[in-house]
Amino acid sequence: MAGSKVISLDIGGTNTRAALVKNGRVLKYFKSPTPKTKENFLKNVAEMINLVLDKDVKTIGVGCPGPLTKGVILNPPNLPLKNFNLEKFIKNKFGKKVVIENDAKCVALAELKLGCKRNNFVILTLGTGIGGGIIIDNKLYAGSHGYSGEISGIILDKGKSFEDLWKEKKLQIQELFEKKDFKELEKISRYLGQGIASLINVFDPEVVILMGGVREVGKPFLDMIKRHAKNYVLLPSIPDIKWSKLDHPGLLGASLLVK
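Each residue of the sequence shown is one higher than the last, beginning at -3 in this note's numbering.
I should point out that these hints are in silico values taken from the structure, not numbers from a laboratory. Be a bit skeptical, because a hint or two may be false.
Quick list of in silico lysine-lysine cross-link-like pairs, DSS-like style, CA-CA up to 25 Å [claimed, not checked]:
no., residue 1, residue 2
1, 92, 156
2, 226, 109
3, 109, 39
4, 87, 24
5, 84, 51
6, 89, 27
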């Protein structure tokens, strides 16, 4: 909604962020740990929205880990919800229009409108879990049932998925660089490179964008990922793989859900 204030909620397995957004600008911002029980989770969602509530707000955009459909959170591995209609809960609580989408798709939407502005790209969010968003011909690709982008399920090594391997390794990355444990870093970057190469082979994107706390490690880790991805890409050339430059992409993307 051009020119209107929108409440954005970016729910992650570790933290929940809320913001009051107008025209791509964050006016208010709050962050809190994501509770581990359903009761406390829902209480926290309401409290976070109240912190940024404004009398002019008519709509609330929410980015949340999937899988989800039509506002119903199905069975995300990182949240204490199962088959729960979060859209209905928020709408009943605040009397506002509510739009909910996969958090990684929100990040992809933010990159499309405010970041890289490419027509065809894939985004990976590397957080508590791993997620993805796909832009094809300048549009967010939802798939037949709205479940596209569940990149975490890609099988990489000995029956283990992208998500399984990421959860085993991701908390060590900063520490591994400090210890100069390049053997282990090679292993992690190889898994990421393999997964990214699979996405490149399937979607032929202009660019692959990575987002998450590990971007603080910067160029050295990115270079390792690129090197491994190149070994598995079947196309004549490999697209650029880079860190997102956006601040609060999940919140900005959630604000763009509202039309």
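- Message: If you test the structure against every hint from before, which numbers come out violated?
- Response: 1, 2, 3
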